[in-house]
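Undergrad: Residues per chain are reported as follows:
Number of protein chains: 2
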Amino acid sequence: MLASRFFISTLKEAPSDAEVTSQKLMLRAGLIRKVAAGIYTWMPMGLRSLRKVETIVREEMNRAGAIEVLMPAVQPAELWQESQRWEAYGPELLRLKDRHDRDFVVGPTHEEVITDVARRELKSYRQLPRHFYQVQTKFRDEIRPRFGVMRGREFTMKDGYSFHADYADLEREYRNMYDTYTRIFTRLGLDFRAVAADTGSIGGTGSHEFHVIAETGEDDIAYCPDSDFAANVELAEAFGPGVARPSPSRSLEKVHTPGVKTIADLADYLKIPVETTVKAIVVKGDETPAGEPVLLMVRGDHELNAIKAQKIEGILSPLTFASPEDILVAFGANPGSLGPIGFKGRVIMDRTVAAMADFVIGANDDDWHYVGANIGRDFEEPEVADLRNVVAGDPSPDGKGSLEICRGIEVGHIFQLRTKYSEAMCCRFLDENGREQHMEMGCYGIGVTRILGAAIEQNNDARGIIWPQAIAPFELVLCPVGLGKSDAVREHATRLYESLLEAGIDVILDDRNERPGVMFADWELIGVPHRVVIGDRGLKDGLIEYQGRRDVEALQIPLAQAVDFIRGKLTTAS
Amino acid sequence: MLASRFFISTLKEAPSDAEVTSQKLMLRAGLIRKVAAGIYTWMPMGLRSLRKVETIVREEMNRAGAIEVLMPAVQPAELWQESQRWEAYGPELLRLKDRHDRDFVVGPTHEEVITDVARRELKSYRQLPRHFYQVQTKFRDEIRPRFGVMRGREFTMKDGYSFHADYADLEREYRNMYDTYTRIFTRLGLDFRAVAADTGSIGGTGSHEFHVIAETGEDDIAYCPDSDFAANVELAEAFGPGVARPSPSRSLEKVHTPGVKTIADLADYLKIPVETTVKAIVVKGDETPAGEPVLLMVRGDHELNAIKAQKIEGILSPLTFASPEDILVAFGANPGSLGPIGFKGRVIMDRTVAAMADFVIGANDDDWHYVGANIGRDFEEPEVADLRNVVAGDPSPDGKGSLEICRGIEVGHIFQLRTKYSEAMCCRFLDENGREQHMEMGCYGIGVTRILGAAIEQNNDARGIIWPQAIAPFELVLCPVGLGKSDAVREHATRLYESLLEAGIDVILDDRNERPGVMFADWELIGVPHRVVIGDRGLKDGLIEYQGRRDVEALQIPLAQAVDFIRGKLTTAS
Chain B
417 MLASRFFIST LKEAPSDAEV TSQKLMLRAG LIRKVAAGIY TWMPMGLRSL
467 RKVETIVREE MNRAGAIEVL MPAVQPAELW QESQRWEAYG PELLRLKDRH
517 DRDFVVGPTH EEVITDVARR ELKSYRQLPR HFYQVQTKFR DEIRPRFGVM
567 RGREFTMKDG YSFHADYADL EREYRNMYDT YTRIFTRLGL DFRAVAADTG
617 SIGGTGSHEF HVIAETGEDD IAYCPDSDFA ANVELAEAFG PGVARPSPSR
667 SLEKVHTPGV KTIADLADYL KIPVETTVKA IVVKGDETPA GEPVLLMVRG
717 DHELNAIKAQ KIEGILSPLT FASPEDILVA FGANPGSLGP IGFKGRVIMD
767 RTVAAMADFV IGANDDDWHY VGANIGRDFE EPEVADLRNV VAGDPSPDGK
817 GSLEICRGIE VGHIFQLRTK YSEAMCCRFL DENGREQHME MGCYGIGVTR
867 ILGAAIEQNN DARGIIWPQA IAPFELVLCP VGLGKSDAVR EHATRLYESL
917 LEAGIDVILD DRNERPGVMF ADWELIGVPH RVVIGDRGLK DGLIEYQGRR
967 DVEALQIPLA QAVDFIRGKL TTAS
Chain Y
417 MLASRFFIST LKEAPSDAEV TSQKLMLRAG LIRKVAAGIY TWMPMGLRSL
467 RKVETIVREE MNRAGAIEVL MPAVQPAELW QESQRWEAYG PELLRLKDRH
517 DRDFVVGPTH EEVITDVARR ELKSYRQLPR HFYQVQTKFR DEIRPRFGVM
567 RGREFTMKDG YSFHADYADL EREYRNMYDT YTRIFTRLGL DFRAVAADTG
617 SIGGTGSHEF HVIAETGEDD IAYCPDSDFA ANVELAEAFG PGVARPSPSR
667 SLEKVHTPGV KTIADLADYL KIPVETTVKA IVVKGDETPA GEPVLLMVRG
717 DHELNAIKAQ KIEGILSPLT FASPEDILVA FGANPGSLGP IGFKGRVIMD
767 RTVAAMADFV IGANDDDWHY VGANIGRDFE EPEVADLRNV VAGDPSPDGK
817 GSLEICRGIE VGHIFQLRTK YSEAMCCRFL DENGREQHME MGCYGIGVTR
867 ILGAAIEQNN DARGIIWPQA IAPFELVLCP VGLGKSDAVR EHATRLYESL
917 LEAGIDVILD DRNERPGVMF ADWELIGVPH RVVIGDRGLK DGLIEYQGRR
967 DVEALQIPLA QAVDFIRGKL TTAS
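Protein chains in written order, with the working numbering: chain B, 417 to 990; chain Y, 417 to 990.
Rather than coming from a laboratory, the hints here were simulated on the basis of the structure. It cannot be assumed that every hint is accurate.
Capping the alpha-carbon separation at 25 Å, the derived lysine to any residue pairs in SDA-like fashion look like this [stated by the list, open to error]: (1) B/K450 - Y/I472; (2) B/K450 - Y/K428; (3) Y/K513 - B/A453; (4) B/K539 - Y/Q543; (5) B/K539 - Y/A452; (6) Y/K450 - B/E484; (7) B/K513 - Y/R546; (8) B/K450 - Y/R546; (9) B/K513 - Y/K428; (10) B/K450 - Y/I483; (11) Y/K539 - B/P932; (12) Y/K539 - B/P431; (13) B/K513 - Y/I483; (14) B/K513 - Y/P561; (15) Y/K539 - B/L463; (16) Y/K513 - B/P932; (17) Y/K428 - B/S425; (18) Y/K539 - B/S425; (19) B/K450 - Y/A452; (20) Y/K440 - B/K450; (21) B/K513 - Y/Q543; (22) B/K450 - Y/M841.
Now the stretches of chain B that chain Y is said to cover, found in silico as 3 or more residues with beta-carbon under 8 Å [unchecked claim]: (23) 459 to 468; (24) 659 to 667.
Chain B residues, not near chain Y, derived (Cβ > 12 Å throughout) [stated by the list, open to error]: (25) H547; (26) L744; (27) P884.
Glycine included, each C-beta is placed from N, C-alpha and C at the ideal position.
So that you can see chain B by itself, here it is in the shape it has in the complex (with noise of 0.2 Å):
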């Protein structure tokens, strides 16, 4: 491509409404313009990313056995009133009527259609397994749209679902997109990782998030590094310390603390490390009387996981927090000096807190706590459970190490949807003994536009962007320095271009007649992951410049090995 018959528009500034980096730099770098809130058109230089990050996704989809289809972006209300998501969904799904009051949406996404489709279409058990995807438009009417395309209102995305006569075979295919999802991050050139996950409100059972590693992510996940292990911080399961409680060393003591009403208030006053402490969370139980305060224990650093607790049976889902009038008639106390020792009600206890000896609590008296207090001693053994997000240094789950805390930026989804929405649209075939059954079904999306600012929030220097090579608008800019004025320049850097080109090579060559200045800062921006510069110095004496976006120094190199250094390069390069 000559920049020339291109379009290259770089701002000094972004526009002031821009909040994150991607953002920004997408901005700034022209990759993007805004038309509305959370609505962009793709600029040139933006599009040759997303087609790149669009092959790669269908390449990998065919090569694992899924057919491409496209279904509609307006699709009719008809359809989401069968799955009963017309009603569940939210005001993210934007609903339109036709010239004729005809209730439709814009998609969201397409379970719905494709479900039709597959019960037209699928008949027989012969006829399965099937998994169609498309790359399409869909528009998710968020309230509050930002972070530029991370997360936009209409926006791309590689969808796929799979229609199964039994669960084995989902299974089958859910391992077999684990490893297409995991296949096409690795070509993408992106840091990843494939995270346990909540369903969500797509719901069926059994998901992984798959997530670009950047600090700016919004979902904390903790990860094994010493092994595949990766979960929702939310969702990964914490264990105790592993080693067995000691024995009390202190006897127990009721002291006086004034005013406070937070574990750090508490640790603080006592001068003692906030480890030693235990939180008391009052929460309401779902038995007979209903609402009854069940005591919940977490050292006091920890945080309680809701999600865990309200699973816990007997324990009132949503997770409820008791009132202060029903926790006063209980305890005898207010909230910042509750405990277990003279609570007749329930009490659970976190595995770590189960691993504590002479800890800190409160007394259940107003200003007042225990120092030296100690399980089984004090008061009754608790039932024991995990009650708590992980922090960095728990034990992994799997056994293979500690875990550490990352923060990662969702780009891929896989859902084992099961038989909600067969059910629900009547999706049915006929198996092997003519019987008529729902089919199993799994879903699989990809945020191919999310994609780009994932990959930029994870690659980036105070320039601009550095593109992983895969998806980099171009693999290579050619700089000729004074094209204008020398004829030499002007046609070594034409042979270099066209060599290159030849060579496969998705090049660029800068024709603009910019000072060096203003294409190199273009190009920084712009962030192609290999530049070469070509100018009079260099070549009087048969040399050429050569440095990638992420090197500190500037090679040089004979012009007549140019193809074959860039060709290495590229192949070394990720």
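Since the structure of chain B is already known, use the hints to place chain Y on it.
TA: What follows is chain Y alone, placed relative to chain B:
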């Protein structure tokens, strides 16, 4: 591709609501499935053809120097209000509100969005010209969507928009696009015509439509088989016979024509050729006093062309017929017996009438006509104008032969928008003298999904679709007979399939193990242009069978030469 890894779904009968051939065949061949009125899912087989069309369109647009972008489907109403199309566009514009009650549209076209991009990005004549295009999903809320993808509501378009410093440069790009479209439709393998067209509602002046020629087309096109001339029948200039008016040979005679109201009745009753009669049509003038009747004279077998008539100075536009009351006052007679003799008002005759003598015309006396009427002798020489639609046999306006009439399906349209949008939306640049100017704009559309319907309307037979090779879902199908039973068939079919893939041929191996009759019927319906059959019967003599989709008979080909033979067929076919 292996058929077992693909998705083939043919139907014996088209759904009862399918109206036209292409729609029926696309549904029967499993290319599309209906989701709602005018809204379809592209099934795997149809999507392959769609992608091939997109690829050819992109390649030629890129080659022509246009730059690809991707604009959003959902567009803010503000832009449409600025261009005043928010009001002007009818109910085909799908309007909607987001969750914050802001107005949006699902875009049927993108002049506003791209003009908004251009006015923000292009500031100087140095940045001009620019041509941006996209291949994108559009929505037009047709009152009566029909004919499958030919007049759907959601569809794919290639729409391009060019921006220029002056009109001469717009004209250059317009010609560039005329040539590019010609290349595109040629590469698609379609019989088409570029047709001078009215600009319709999109605005501006200067436009050509590109029509795929098909008997089932909705538009009548006049074209010259001996030249490039082609125009919408309503726009082609109609000339007289090019010979002088003969001298009168009969005297004027008033004949009784009881109950004769139409030209057909008249010719029938008088036993004369309809070409010797003249129709009198009375329309309203727009001069003072407004609405004054004007008499238009057109040969009996010709059709009045309203667009031409209303362009004549002094004629009310849009063309409005005079009321029966006004006619009775002005002519003393009712429609069916009207004529120029004795009429005191303005009379305009068509060029063909101007060359007639001894014709029959109404006598301005109910149930009476004149025969042997002659211009100049029996009434004053009237004004002459082009008032009618052209008919087959008319001289071509370019003087290169006679016109023929055919029917076409519009699949492309190029417009000179001029400054309609740049003025409405303040899209200006600084010219070489530092003066602000409005950009000249062109716009260029191709109905990508519609092309598939048009291609099928043009190319089909009783057995199904006959794809032009360039856009067939597969170029070649390999049908093994007795795959399940014969090791030789399996072995040779697999080997040939692999050799064909290696040769870069887009082949599908039908490994479904269906009976030959089922296979052949499926692939003839789907319309794959080349077929090879491999079976034990031929293999024992080292032969396979080749048949082109349009061929009457199959050929026996030595297996050893199969790849070369097929490559030859693919190279020469279109």
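Undergrad: Indicate, hint by hint, whether the structure satisfies it.
TA: Each hint, compared with the structure:
no.	hint	result
1	B/K450 - Y/I472	29 Å, violated
2	B/K450 - Y/K428	49 Å, violated
3	Y/K513 - B/A453	13 Å, holds
4	B/K539 - Y/Q543	58 Å, violated
5	B/K539 - Y/A452	22 Å, holds
6	Y/K450 - B/E484	17 Å, holds
7	B/K513 - Y/R546	37 Å, violated
8	B/K450 - Y/R546	20 Å, holds
9	B/K513 - Y/K428	35 Å, violated
10	B/K450 - Y/I483	19 Å, holds
11	Y/K539 - B/P932	23 Å, holds
12	Y/K539 - B/P431	18 Å, holds
13	B/K513 - Y/I483	35 Å, violated
14	B/K513 - Y/P561	16 Å, holds
15	Y/K539 - B/L463	22 Å, holds
16	Y/K513 - B/P932	48 Å, violated
17	Y/K428 - B/S425	54 Å, violated
18	Y/K539 - B/S425	11 Å, holds
19	B/K450 - Y/A452	32 Å, violated
20	Y/K440 - B/K450	42 Å, violated
21	B/K513 - Y/Q543	42 Å, violated
22	B/K450 - Y/M841	17 Å, holds
23	459 to 468	holds (count 4)
24	659 to 667	violated (count 0)
25	H547	10 Å, violated
26	L744	42 Å, holds
27	P884	21 Å, holds
Violated hints, in rising order: 1, 2, 4, 7, 9, 13, 16, 17, 19, 20, 21, 24 and 25; the structure is consistent with all others.
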